[in-house]
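Place chain P on chain X using the hints.
Now for the letters of each chain:
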Amino acid sequence: MLYFARWKVAAILGVILLGVLLTLPNLFPRASIPSWLPARQISLGLDLRGGSYLLLEVDTAAVVKERLESLADATRTRLRQANIGYVNLAIQPDERRLSFRLRDPGQSEAALAALRELANPVAIGGGATAPDIDLAVTPEGVVSATISEAALRARASAAVEQSVEIVRRRIDESGTSEALIARQGNSRILVQLPGVEDPNRIKELLGRTARMTFRLLDENANPSAGTPPPGVEFLEGEQPGQRYAVRRRVEVDGANLSDARTGQNPQTGEWVVNFTFDSLGTRRFAEITRQNVGRPFAVVLDNKVITAPVIREPITGGSGQISGSFNAASANDLAVLLRAGALPAPLTVVEERTVGPELGADAIRAGLLSLAVGATFVFLYMGLAYGLLGWFANVALLVNLLLMAAALSVLEATLTLPGIAGVVLTLGTALDANILINERIREETRLGKPPASALEAGFTKASGTIMDSNLTNLIAMACLYGFGSGPVRGFAITVAIGTVVQMWTATTLVRLFVSWWYRARRPRTLPV
Amino acid sequence: MFLARPLFRLVPDDTNIPFMKGRKIGIAFSIFLSIASVILAFYPGLEKGIDFRGGIVMEVRTPGPANLGALRDATSGLGLGDVGLQQFGSDNDVLLRLPVQGDEAATQNAISSVRSALESAAPGTRILRTEAVGNRVSGELFTGSLMALGISMLAMMVYIWARFEWQFAVGAIVTLLLEITKVVGFLAVTRIEFNLTTVAAVLTIIGFSVNDKVVVYDRMRENLRKYKTMPLQTLIDKSINETLNRTLGTSMTLLLSALPLALFGGDALSGFAITMVFGIVASTSSSIFIAAPILLFLGENRLRRGTEAAAAPATASR
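These protein sequence lines map, in sequence, to chains X and P. The end of the first sequence is residue 528 by my numbering, with every number in the run present. The end of the second sequence is residue 1318 by my numbering, with every number in the run present.
These are calculated hints, taken from the structure and not from any lab test. None of these values were measured; they are calculated from a predicted model. Backbone N, C-alpha and C fix where the C-beta goes; we use that ideal spot for every residue, glycine too. Certain hints may be false.
Said to hold, decoys possible - Derived DMTMM-like pairs: lysine to aspartate or glutamate, alpha-carbon spacing no greater than 20 Å straight-line:
#1 P:Lys-1226 x P:Asp-1014
#2 X:Lys-461 x P:Glu-1242
#3 X:Lys-461 x P:Glu-1222
#4 P:Lys-1238 x X:Glu-443
Stated by the list, open to error - Calculated from the model, a selection of chain X residues having no Cβ within reach of chain P, i.e. all distances over 12 Å:
#5 Leu-2
#6 Ala-82
#7 Ala-179
#8 Lys-203
#9 Asn-274
#10 Glu-313
#11 Ser-325
#12 Met-382
#13 Ala-385
#14 Leu-411
#15 Asn-434
Looking at chain X on its own, in the form it has when it is part of the complex:
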């Protein structure tokens, strides 16, 4: 098929022009491109531009434990109200279970009824809901409540979703720009921080759950006793050795804060955090302070008492101040954490990769140098070994590189160092199709076919082989993409795009060059 319809030629040239247009935005800094242009750019991976990659894991076991603890508190209250005697109430977080033994096994129905009311509905799909705990009782009167599999999944999933949101808010508040935050898998969150050389501050911000609660102190309990009375826990204070007997009951939660800002005490110059409650928090706080004038209450942050002042008068304005031993930075961090909200479960960094900008720049230089040298080698080899047809293939290879850049821009793909390696290797694999075609043309010529039919046979007969052999590359890259992570995926993407693009450039484009050349020269013999 050495004849190309005019519209086909136009379409081929159109594709190349489009490739040029789509690649162009990469030559300008993003800021200088007017916003009305639908320009897309290739972004550089963290390994090239420098930055920090953190993989966080949400501790979903903590979510289960928390649910069991609150269930235990509620169960105690319920059973007491219903006058049901019990012993050995305990939770087993590993088995997601709460259990106790009834003093009178005859009361098992009443106990089950009381527990049933404590269940929360969870969606089990299809719009239906089910209680989140499965109840069981043995003839000896041992009652157990187990958090169901569905509830566990729903809870863990909600905790991760919520964590993603909180992580985003905390990072935004900290003034880090262009951060990329995404959920990964069941319980992980991926955080990419371009340009961040020292992720320590971010890790500290994310390492705290920042759950703030306002609770009353139990003045009758002795904080130095061994075990706290029921409904009370002993918590440490800011200073070493300080211990407080804090009631478990949460009067007002940090979730009811609407704002938190740092400030300085005008008299002492001490750093403080000023906070404002939302309307519900304001009402609750006013009520509590009115009822408990003269008594101490505690501000508890992550199971540590920050401050425990005595309520002098009812606080109805809905705002307050936390003073502790803050400096400017720690006060600011606390304000950020309070504004962003508490994490539903602790986060741990399970993978960290941080690259400084110098190394990134070195990597880009190394990649470009390899690309340039590789291209020169390959071009020379192709041109010298296959002559004119080889030079045509080289031009097609240049177009291939251009179209690859265009495709990566349209996909807004991230170019990583392995990705650059992928581009360099594509130089080698892209020519495979042309080698197949050229060898075929040569064979056909040696069989005595005239130039036109040798060319034609070469292109058509090689096409099946080209398709077969390229599909194997695509399969391998799909496997790499599916199981690889981070930068290696960038490699799979560039190689796959390169493979697809070269199937087009090596066949269609080179054939167009050949047909132009053939019609212009009408050669008697082929230079093969």
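Below, chain P alone, put in the same frame as chain X:
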């Protein structure tokens, strides 16, 4: 325009090397190398990188020439296990390796304590790169990579089975196994780190190698239809020789593009590129000496019967 004509050919036309004659020695040699490689992979074993082993790697640049002794004293007193220190590149650059810590939180603490230890031992030290992988993640990355390798092999086998007869699929997969084991042996001998990037190299080699085999098999299938009475041994030799220029040509372009990566790609890519170079050489030679000859063992009669059935309608319509 002297450039319009080819200046050289890798293999002269009408080359007819009787590859099949050496098939037994070739295959025996290949099996021997592969067995040796598998042994090497367990003893002394592969040098697993941080991706698969977990741990901490830090690249630091000290303000003056690094005093390794002082840095070692500062970091080994932290109780974080064996701290490996290694100078590389310039006098100021040091690579620190720490074993994986008890759990993820301990790993994070280890990073900050190393940071402050370095800061006090050599003030002004800059940390250019930090990588910390916990043991759960490294375990997942390792199994994920093995899965990727296994599944890609399976996918290749299914693909070739669908496109050719099953004998070709078996031939290709056996050859592939022989090749991959050699690459693994190569990694064990050269102590190149076995990490995600090397797995990427191995997968690329798999793709490229099957591509190579497909071209030879394609020609064999074509010749099986063309020369119905030619003995299989001659036919395979003919097919290999006919595709020799292409096989070597493609390997050459790939080699020419992988070499610069090995030479100039820097530390991050050199392991990848060197593995690629070895893989290209291994897969090209096995395309010639192993992949097609192995088919002879699977039986001439069976192979012919398969193709005749497939070719019959084509002949009838002619």
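Do the hints match the structure? See the list:
1. P:Lys-1226 x P:Asp-1014: Status holds; Cα separation ~18 Å.
2. X:Lys-461 x P:Glu-1242: 15 Å, holds
3. X:Lys-461 x P:Glu-1222: 11 Å, holds
4. P:Lys-1238 x X:Glu-443: 14 Å, holds
5. Leu-2: Consistent with the label, Leu-2 (chain X) stays out of reach of chain P, its closest Cβ about 18 Å off (over 12 Å).
6. Ala-82: About 42 Å separates Ala-82 (chain X) from the closest Cβ of chain P, which puts it past 12 Å; holds.
7. Ala-179: 18 Å, holds
8. Lys-203: 7 Å, violated
9. Asn-274: 31 Å, holds
10. Glu-313: 43 Å, holds
11. Ser-325: For Ser-325 (chain X), whose nearest Cβ neighbour in chain P is about 21 Å away, the distance exceeds 12 Å, so it holds.
12. Met-382: 7 Å, violated
13. Ala-385: 6 Å, violated
14. Leu-411: 19 Å, holds
15. Asn-434: 9 Å, violated
Figure legend: structure checked against the earlier numbered hints; hints not met, in rising order: 8, 12, 13, 15.
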